[in-house]
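Protein chains in written order, with my numbering: chain U, 673 to 968; chain E, 673 to 968.
One should not assume that every hint holds.
Copies of the same chain are indistinguishable here, so a pair counts whether it falls within one copy or spans any two.
Stated by the list, open to error - Below are the BS3-like pairs computed for lysine-lysine, each with C-alpha atoms no more than 25 Å apart in a straight line:
#1 Lys949 x Lys723
#2 Lys913 x Lys949
#3 Lys723 x Lys913
#4 Lys906 x Lys892
Hints listed in this document are in silico derivations from the structure and should not be mistaken for laboratory results.
There are 2 protein chains.
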Amino acid sequence: MTLSIAHLGPPGTYAEQAALLYLNWLTKSTGVEAILCPYPSIAQTLRAVDKGQAKLAVVPVENSIEGSVTMTLDTLWQLDSLQIQLALIMPIAHTLISCAQSLEEVKTVYSHPQALAQCQGWLERLLPNVQLIPTNSTTEALLQLEQDLTVAAISSQRAAQLYNLPILASGINDYPENCTRFWVVSQSHIPEARPSCSGRSSHTSLAFSTPANIPGALAKPLQVLAHIGINLSKIESRPTKRSLGEYLFFLDMEADASEPQVQSALAEISPCTEILKIFGTYNVLPISALNKGVSG
Amino acid sequence: MTLSIAHLGPPGTYAEQAALLYLNWLTKSTGVEAILCPYPSIAQTLRAVDKGQAKLAVVPVENSIEGSVTMTLDTLWQLDSLQIQLALIMPIAHTLISCAQSLEEVKTVYSHPQALAQCQGWLERLLPNVQLIPTNSTTEALLQLEQDLTVAAISSQRAAQLYNLPILASGINDYPENCTRFWVVSQSHIPEARPSCSGRSSHTSLAFSTPANIPGALAKPLQVLAHIGINLSKIESRPTKRSLGEYLFFLDMEADASEPQVQSALAEISPCTEILKIFGTYNVLPISALNKGVSG
Numbered sequence: 673m674t675l676s677i678a679h680l681g682p683p684g685t686y687a688e689q690a691a692l693l694y695l696n697w698l699t700k701s702t703g704v705e706a707i708l709c710p711y712p713s714i715a716q717t718l719r720a721v722d723k724g725q726a727k728l729a730v731v732p733v734e735n736s737i738e739g740s741v742t743m744t745l746d747t748l749w750q751l752d753s754l755q756i757q758l759a760l761i762m763p764i765a766h767t768l769i770s771c772a773q774s775l776e777e778v779k780t781v782y783s784h785p786q787a788l789a790q791c792q793g794w795l796e797r798l799l800p801n802v803q804l805i806p807t808n809s810t811t812e813a814l815l816q817l818e819q820d821l822t823v824a825a826i827s828s829q830r831a832a833q834l835y836n837l838p839i840l841a842s843g844i845n846d847y848p849e850n851c852t853r854f855w856v857v858s859q860s861h862i863p864e865a866r867p868s869c870s871g872r873s874s875h876t877s878l879a880f881s882t883p884a885n886i887p888g889a890l891a892k893p894l895q896v897l898a899h900i901g902i903n904l905s906k907i908e909s910r911p912t913k914r915s916l917g918e919y920l921f922f923l924d925m926e927a928d929a930s931e932p933q934v935q936s937a938l939a940e941i942s943p944c945t946e947i948l949k950i951f952g953t954y955n956v957l958p959i960s961a962l963n964k965g966v967s968g
Numbered sequence: 673m674t675l676s677i678a679h680l681g682p683p684g685t686y687a688e689q690a691a692l693l694y695l696n697w698l699t700k701s702t703g704v705e706a707i708l709c710p711y712p713s714i715a716q717t718l719r720a721v722d723k724g725q726a727k728l729a730v731v732p733v734e735n736s737i738e739g740s741v742t743m744t745l746d747t748l749w750q751l752d753s754l755q756i757q758l759a760l761i762m763p764i765a766h767t768l769i770s771c772a773q774s775l776e777e778v779k780t781v782y783s784h785p786q787a788l789a790q791c792q793g794w795l796e797r798l799l800p801n802v803q804l805i806p807t808n809s810t811t812e813a814l815l816q817l818e819q820d821l822t823v824a825a826i827s828s829q830r831a832a833q834l835y836n837l838p839i840l841a842s843g844i845n846d847y848p849e850n851c852t853r854f855w856v857v858s859q860s861h862i863p864e865a866r867p868s869c870s871g872r873s874s875h876t877s878l879a880f881s882t883p884a885n886i887p888g889a890l891a892k893p894l895q896v897l898a899h900i901g902i903n904l905s906k907i908e909s910r911p912t913k914r915s916l917g918e919y920l921f922f923l924d925m926e927a928d929a930s931e932p933q934v935q936s937a938l939a940e941i942s943p944c945t946e947i948l949k950i951f952g953t954y955n956v957l958p959i960s961a962l963n964k965g966v967s968g
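Just need the whole structure built from these sequences, with the hints factored in.
Okay, here's the thing in C-alpha cells:
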C-alpha cells in the first residue's frame, strides 16, 4: 500500500518541506511507502483527506509572527471527519532570491503575504522603494524571476536549490524565532502516523460556538479548565460567517482528552456551548526531532 | 483649518468609501473642512496619525466573513498615542468587473485576498477553472483589466463607476450579510469627531498580554467581566512575535470605560496582566445612520 500525503503545493513551499520531513520519518520508521500530493489551496488539501483521496495531510496552523492560518481553522470546522494526529514545529528562515547582481537593482519583490509581512522591517530598511506584490504561495513568486533581472522573490533556501536560482540575501525575517506549527491530520486514527512518545498525548484541540450575547459565555468554559489546572496554549476567535459579532472559539489545551479528569471537564463545558467539536488529542514535536529519530 | 483623514488607498477601496461617508457627515455636521489622504498600507495609515501628519484615520478592523484585520490590531498595539473615537459598520457587496462580454471569456480574476475569500463559493460554482491572483487592494486589481479582455477583478460598484469600467456580475459575495467594521481613530479626543448619541459610550476596546503558561491567565480577566455582567462582543488572540505560544488578547466589551463599575473591573484585571492598554470607549453605528443624520 502506498500512503498519500496531501500538502499545499507546488514543491518548494514550506508546507511541502514539512510534509517531506514527515514522509521521510514515516517511511523509515514504519516501512510504509508514501508519496506527496500537492494541492493548490489549504482548503483543497484538507478536503482531499475528507473525501478519501489522500490518507494524511500536513497543513500549517499558526506562525509565531503572523498568527493563525485561518483557512486551516475554518476548513477543519466545516469538515466533520478529520482528526489531528500530530503537531510539528518547523523553524522558518526566509531568503531573498533574485537574478539581480545586487540589492540596488531590485525594483519589485514577490511573495506570499505572510512571508512579506514577516520580512516587513528588513524590506523597509534595505529595500525601502521596492514594490511588494502578493502571490498565492512562496513558490509561485519564483515564476516571476527569470523574465526580469529587477525582480526578487522571498522563499526558502530549499526552493532556491530546487529551482536552481541564486540567493541574494539570507535570514531576512525580522524575528529570528520565526517558526510555523503544522498539523498532521487524517480521517481515522492511524497508529503508525504518530511517533511513539509516552502513551500520553500532550495537547488537545477543540472548537465551540456559544449562544450569542450572553455575558460570560466564554468565561465559563475557560473557568472550568482553569479550575482543574489545564493551561490553554492558544485561543482564537473566528467569525461564524452568519453576522458580525458571532464567533467560534478555537482552543488548544495542554491536556490528554482521554484522561478522566479532562473528560469530565469537557462534559461540564458542553452544555455552555452550542456546538462543540474535538479535533484530536496529540503530541507536539519540533520537526528536527523526527529526523534525529530516524537517522540514529 | 482643514482636517485630514487618512485611509488605505487608492480611491475606490472599501476603506476610502467608509472614509468618504464619514468625511461627508463630519463636514456637514460640524462645518469643518476635511480632505482624504490615501496611504499604501494600513500600518502607514495609522502611523500618519501617530506622527501628526493626519488628524484622523478610518481603518478596517473586522469583516463578518474573514475575521480580524490583523494589521490594524498589531499596529494599534505598537503605537501608544491612538484612541478610538467611533466604530462604523458598512455592508460590503462585491462585483465582478471586466471588459469581457461573458463569464465564459474570463480566465483570470484579480483581487485582494479577503475579497477573493469572500467570493470563494461563487467563484468555484461559476468560474471553476479561472486562475485567482491576489493584489494589495481591490482597486489595484482594476489595473489589470484594460490590457486583457480575459481578465476580471473583484471590487466595489463604486470603484467600477469611479474608473468607468463595466460590471459583469453583481452581489457575488457568498454571504449576503457581509459587512466590515471600521474604527475612526485620532491622537487626542476630538468631540466633533463623534456623532452625539447619548452621553454614554456603548463599547470599550482593550488589549493585554499575560504572564506565559499560567493556567487561567485569560480566564481570570474574563471572569471579572462576566461577574459584573459585561458582555464581550469580541475576543482575539495575536502572537507577541517573541515565541510560539505567547499571545496578546484583544477584547471589545459592551461597556463605557468611564463608568465607576467598569473602572473598578479594569483595576481588578490590571494585576493579572503584563501590559494592559485601553484603546478607547466609543459608539458603534451603521454607516447609513451617518447619512440619515446629515440628509435630514
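Which earlier hints can't be squared with this structure? none
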